[in-house]
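Enquirer: Chain residues, written in single-letter form:
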Amino acid sequence: MKVDVELALVHDGTEWVARNGSVVARGRTLSELDRDLGRALAASGKYRRGARVLVFMGFDNGTIPTWIRQYAAHYFNRYVSIEV
Amino acid sequence: MDNVNRKWYSGMLTTEDWWAVWIGLFMFLLGLLSLTGVDLVGWMAKTHTWALGHPEKGFATSLSAAGKAYADMSPLASFLVTYAVFTALTCIGAYFMKLNVKKFFVGFTIIFLITWACWVIGHEAHFKATPNQWEKYGITWGLSLGGGFSYLLALAVGLFIGNFMKKFAGFLSEAAKPEWFIKTAIVYLGVKVGLMSMEAASYTFELAAAGAAATFVAYMLFWPIVYTLGRRVFKLPRQWAAVLSSGISVCGVSAAVATGGAIRAKPIIPVMVSMLIVVFAMMELIVLPGLYTTFLSDEPIVAGAAMGMTVKTDGADAAAGAIMDEMMRAKAAQSGIFWQEGWILTSAIMTKIWIDMFIGIWAFVLALIWVYRVERQPGQLHVGASEIWFRFPKFVLGYIIAWFVYVGIAMFLPDLVDAAVVGANTVQSPMRKMMFMLTFVSIGIITDFSKLRGMGRLALLYAIALVVIIAPIALIVAWIFHHGMMPLPA
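Sequence lines, in order, name chains A and Z. 34 is the number that our numbering gives to position 34 of the first sequence; each next residue is one higher, with no gaps. 1095 is the number that our numbering gives to position 95 of the second sequence; each next residue is one higher, with no gaps.
Isolated chain A (complex conformation) (with noise of 0.2 Å):
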C-alpha cells in the first residue's frame, strides 16, 4: 500500500512516540498519538491544514527486550488515516 508517511512506533514506558527524521508525535494513548500526529503534520509545513495523509506506523521491534525477541519478533503495524 502507498503511503503519504512513514513512521518507526516505539512505547517509552509512559506514552507512544512515532517518529521519523521530520515528524515527532506522543501520546498516552494511540488516540492521543493520532492527534499529536496532525499537529506535528501541520507543523511540518509539508501538508495543508484539513488534508488527510495516509500514515504507516511501524513498530520498532528492537525495542522489545532481547530475550522476548527469540519467541517473537513482531508487534503491530498500523495503516492510519490523519487529517492535518
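No wet-lab data here; the hints were simulated from the structure. Heads up, the beta-carbon is just placed ideally off N, CA and C, and yes, glycines get one too. Among the hints, erroneous ones may be present.
Below, simulated DSSO-like cross-link-like pairs (lysine-lysine); rule was C-alpha separation at most 27 Å, straight line [what the hints assert, rightly or not]:
(1) Z/Lys1007 <-> A/Lys2
(2) A/Lys46 <-> Z/Lys1331
(3) Z/Lys1057 <-> Z/Lys1068
(4) Z/Lys1451 <-> Z/Lys1103
(5) Z/Lys1331 <-> Z/Lys1068
(6) Z/Lys1007 <-> Z/Lys1167
On the chain A side, residues computed to face chain Z include the following (Cβ under 7 Å) [stated by the list, open to error]:
(7) Thr14
(8) Gly27
(9) Thr29
(10) Leu30
(11) Gly58
(12) Ile68
(13) Gln70
(14) Tyr71
(15) Ala73
(16) Phe76
Sample of chain A residues lacking proximity to chain Z, with all beta carbon distances greater than 10 Å (derived) [unchecked claim]:
(17) Arg26
(18) Arg39
(19) Ala42
(20) Ser44
(21) Tyr47
(22) Gly50
With the hints as your guide, set chain Z onto chain A.
Expert: Leaving out everything else, chain Z in the frame of chain A:
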C-alpha cells in the same frame, strides 16, 4: 526503520526464527548430498552408551563420528569439527542479529561444553541402559532412564546456573537462545518425520491431521474460558485478560506478544505475561513428562499430543516431548515392548506447530475485532493482512520443506532412498539431539523462578487456568483425536 517489519522479507537476516530456517536447511542440504554418494555431515560427533570401568565399552567409546565414511576420524577430531561448525554458524547468525558476537562466542562455547558434558555423562550405562542391556555393559544395576537422563541433567545444570549463579547466567544469556536452538532442531526433526513418512506415510499424515483437529478444538475452548475467568473472577482489565488468555491458551510468549500487538497494548503487558509463561513452562517441563509417563504410558501418542497443547513455549514443549519419549520408551522396554524413537516427540511437536501457525491468524482476527469493534478509533483504516505473515513461525517452513523433500524422494526416487538415509540419519539424530541438548541447558539458564515474585494475581490465575482448564481439556481433546494411536514398533 531498520527494525520495522515493512516488507515480506523483513527479518530474514535479523531474527532467530529465520536463522533457525537457514541453519536447519543448510545442514538438511548438506545431508541431502549423500544422494550423490558423498557424506558431508558424517563428521558430526555422536554419543554412545558407555560403562564406567568397562574394558571395551568404557569412556573412550562414548563418542565417535556419526558417518561410516568418517569411521577413521578420532572422537576428539569429530567433537572439535562439530564445535567449529556449529560455533561458526551460530556466530554468523549472532552477527546478523546484531548480538554481541564476542560475548555470544564465549557464551556459546561454555554452553556447548556443558551440553556435551551432560550428554556424555547421561549416556553412562548405570543411568541410561535398560535391564535387557545391563549384561552387554557389564553392570548389575541401573536407573534405566534411557536417553532422558541426559536431558534432565542438562536441564538441572541450566536451572542451577539460572537460579544460583545469576551473574554467570546473565553473561551466558547472550548465547542462551532456547527458542533458536529448538526451532533449528525442529527443522532437523522435519528430516526425521520425512524418514518416518517413508516407512509409514499414512500414519504420519494421520498424526498431523489429528493434531490439527485437536489443536483447533482445544483452541476454541481454551481462550474464551480463560478470558472469561480473567475478566469475571480476577477482574483483570480487558487488555491484560486478552494477552494472558492468549499466552496460556495458545503458544505462550509468541501468542502473548502477538495478541499484545493485535490489541495495541502497551508492550509492558506482553513482557510481564511472557515472564510468567517462561517460568510456568519450565514447571510444566519438569512435572508433566513424569506425570504422563506414570499415568498415560498405555496411550503415549495421546500424552504427546496433550503435551503439545499444554506446554506453552516451543522449547519447553519439545524438551518435555523429548524427555517423555525417552521415559515412556524406557518404561515400555522394561515390559519387553520396544517402540521406535521419535513418535511420541513428534506427536508433541505436531500439535505445537499447528498452534504456532494458528497464532498469526488468531492475532489477525483479534486485531480486526479490537480495531473495529472494541476501540473503533476514527481514522484507523485497516489491519494489514501482512500481519499474518509477520507473525507466521518461519521455522515451520524449514520443517515442512525437510519433511516433504524426503517424502518426495520415497515417492518418486525410491532407488535413492538408501543413499538419502545416510545423510539424513546424521541430521535427524545426533545433530537434532545436540540442538535439543543445547535447548535444555539454555532454557534452564534463562529461567529465573524469582521472577514470579510480585506477580501474585496473575500467577494465581495462570496456575488455576493451567491446572483446572488447559491441562485437563488438552488431555480430553488429545484422547478424543489420538486414542488408540501407538508408536511403531522398533
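Enquirer: Look at each hint and say if it fits the structure.
Expert: The hints, checked one at a time:
1. Z/Lys1007 <-> A/Lys2: Holds, at roughly 12 Å.
2. A/Lys46 <-> Z/Lys1331: Violated, because 73 Å separates the two Cα atoms, which is more than 27 Å.
3. Z/Lys1057 <-> Z/Lys1068: The hint holds at about 19 Å.
4. Z/Lys1451 <-> Z/Lys1103: Holds, at roughly 24 Å.
5. Z/Lys1331 <-> Z/Lys1068: violated, 31 Å
6. Z/Lys1007 <-> Z/Lys1167: violated, 39 Å
7. Thr14: violated, 9 Å
8. Gly27: A/Gly27 check fails; min Cβ-Cβ to chain Z is 12 Å, beyond 7 Å.
9. Thr29: violated, 9 Å
10. Leu30: holds, 6 Å
11. Gly58: holds, 3 Å
12. Ile68: This hint holds: A/Ile68 lies near chain Z, its Cβ roughly 6 Å from the closest one there, short of 7 Å.
13. Gln70: holds, 4 Å
14. Tyr71: holds, 4 Å
15. Ala73: holds, 4 Å
16. Phe76: This interface hint holds because 3 Å falls under the 7 Å limit.
17. Arg26: The claim holds: A/Arg26 sits with its nearest Cβ about 14 Å from chain Z, beyond 10 Å.
18. Arg39: For A/Arg39, whose nearest Cβ neighbour in chain Z is about 14 Å away, the distance exceeds 10 Å, so it holds.
19. Ala42: A/Ala42 is indeed farther than 10 Å from all Cβ atoms of chain Z, at 15 Å.
20. Ser44: holds, 18 Å
21. Tyr47: holds, 15 Å
22. Gly50: holds, 14 Å
In this structure, the earlier hints numbered 2, 5, 6, 7, 8 and 9 are contradicted, and the remaining ones agree with it.
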